[in-house]
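Protein chains: 2
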Amino acid sequence: MISMQPIGYVRSPYTSTQEVPRGLGAKHETEGALEIAPEFELGLTDIEGFSHLFVIWAFDRSGPCQLLGTPPTDNRPHGVFATRSPFRPNPIGLTVVSLLRREGARLHVRGVDMLDGTPILDIKPYLSNVPQEQLRRGWLAEAETRTKS
Amino acid sequence: MISMQPIGYVRSPYTSTQEVPRGLGAKHETEGALEIAPEFELGLTDIEGFSHLFVIWAFDRSGPCQLLGTPPTDNRPHGVFATRSPFRPNPIGLTVVSLLRREGARLHVRGVDMLDGTPILDIKPYLSNVPQEQLRRGWLAEAETRTKS
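Chain order of the listed sequences is A and B.
The numbering used here numbers the first residue of the first sequence as -3 and each following residue consecutively.
The numbering used here numbers the first residue of the second sequence as -3 and each following residue consecutively.
Hints should not be assumed to be uniformly reliable.
Since the list gives no way to pick one copy over another, a pair counts as held whenever it fits inside one copy or between any two copies.
Simulated pairs of lysine to any residue, SDA-like, Cα-Cα distance not exceeding 25 Å [to be verified]: (1) K144 <-> E31; (2) K23 <-> Q128; (3) K144 <-> S47; (4) K144 <-> S124; (5) K144 <-> R133; (6) K23 <-> G113; (7) K144 <-> E129; (8) K144 <-> G45; (9) K144 <-> P34; (10) K23 <-> R133; (11) K23 <-> N125; (12) K23 <-> R132; (13) K144 <-> E44; (14) K144 <-> Y122; (15) K144 <-> H24; (16) K23 <-> Y122; (17) K144 <-> D42; (18) K23 <-> V126; (19) K23 <-> H104.
Since the hints were made in silico from the structure, they are not lab data.
Could you put the whole structure together from the sequences, leaning on the hints where they help?
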């Protein structure tokens, strides 16, 4: 077993999962903050130069793991590792946010899809994109096509 | 504290960190495999449709946290959350790999930068890029410019 401790908490307007936009075409433009604990503030040095960040966080209000589940973006079941389902073997969430500004140990960001008070486990700089012409999005692209037709 | 268990292990040609390409211009084209434990195989259903995956893994052979450190890509120190340093408050690694093929519970991938035997915590589909014109890469872009000039 590997033990993790929160390095801070998400401030978000969402207090229940029902409020978080989901499904095809959901926009993630919501502003919020990453409040990092004072003892880790030094680790934010030079983060201001990055436009986007990976936030790795913990689903602290999800249920037991479901290896197969039907996501809000489709009416067919898919494996948990092929979806962003919260019902995972390890309760790890990953969100790309854009960094608006830093205020000490508080990062103001756009693109939060976490609930208020969500524990943050790590932050990493977003460094590069996958070449767009190489990107395939499996069942999600198929579900989008079915919805449009 | 939040406890995590490995869902599987990375198979990689690298057995020590000195072998992993690092620094500016490092290419991550190395092939390897993600060996998922049989009890989680059902969770891989439909993963074949995705060209790229996020692999969230544990640094199981790193040292204590260093909030400020000088990465191999620069000669100046930066905060740990602005780098991919292994010396993090929580020992979480994140790698984007391309999925070559699936063989049961074994995913053959390109782009491994983990050591052989690294514990895998989660796998998620890579769904979209940040708009390239919005991407800024802070000290890393500056270090690249200094190297070129």
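To see whether the hints hold, each was checked on the structure:
Taking the shortest Cα distances, K144 and E31 never come within 25 Å of each other, neither inside one copy (40 Å) nor across copies (36 Å). Taking identical chains as interchangeable, the C-alpha atoms of K23 and Q128 lie at most 25 Å apart whether they share a chain (20 Å) or sit on different chains (18 Å). In the homo-oligomer, the alpha carbons of K144 and S47 lie at most 25 Å apart only across protomers (22 Å), although the nearest pairing inside one protomer, at 32 Å, exceeds that limit. When the C-alpha separation of K144 and S124 is checked against a cutoff of 25 Å, the pair qualifies only between copies, where the shortest distance is 19 Å, while the shortest distance within a copy is 30 Å.
Proximity of K144 to R133 under the C-alpha cut-off of 25 Å is restricted to the intra-copy arrangement: shortest distance 16 Å within a copy versus 36 Å between copies. In this homomeric assembly, K23 and G113 come within 25 Å of each other (Cα to Cα) only inside a single copy, at 21 Å, whereas the closest approach across copies is 38 Å. Only within a single protomer do K144 and E129 lie at most 25 Å apart by alpha-carbon distance; the minimum there is 22 Å, versus 28 Å between protomers. In this assembly of identical chains, the alpha carbons of K144 and G45 lie at most 25 Å apart only when taken from different copies (19 Å versus 39 Å within one copy).
When the C-alpha separation of K144 and P34 is checked against a cutoff of 25 Å, the pair qualifies neither within a copy, at 48 Å, nor between copies, at 37 Å. Taking the closest pair of Cα atoms, K23 and R133 come within 25 Å of each other both inside a single copy (18 Å) and across two copies (24 Å). Taking the shortest Cα distances, K23 and N125 sit within 25 Å of each other both inside one copy (19 Å) and across copies (14 Å). Taking the shortest Cα distances, K23 and R132 sit within 25 Å of each other both inside one copy (20 Å) and across copies (21 Å).
In this assembly of identical chains, the alpha carbons of K144 and E44 lie at most 25 Å apart only when taken from different copies (23 Å versus 39 Å within one copy). With identical chains, the CA atoms of K144 and Y122 are at most 25 Å apart between copies only, with a shortest distance of 22 Å across copies and 31 Å within one. In this homomeric assembly, K144 and H24 come within 25 Å of each other (Cα to Cα) only inside a single copy, at 21 Å, whereas the closest approach across copies is 37 Å. Within a single copy, K23 and Y122 get their C-alpha atoms as close as 19 Å, and across copies as close as 17 Å, so both meet the 25 Å cut-off.
With identical chains, the CA atoms of K144 and D42 are at most 25 Å apart between copies only, with a shortest distance of 21 Å across copies and 43 Å within one. Taking the shortest alpha-carbon separations for K23 and V126, both the intra-copy value of 21 Å and the inter-copy value of 13 Å come in at or below 25 Å. With identical chains, the CA atoms of K23 and H104 are at most 25 Å apart within one copy only, with a shortest distance of 18 Å there and 32 Å across copies.
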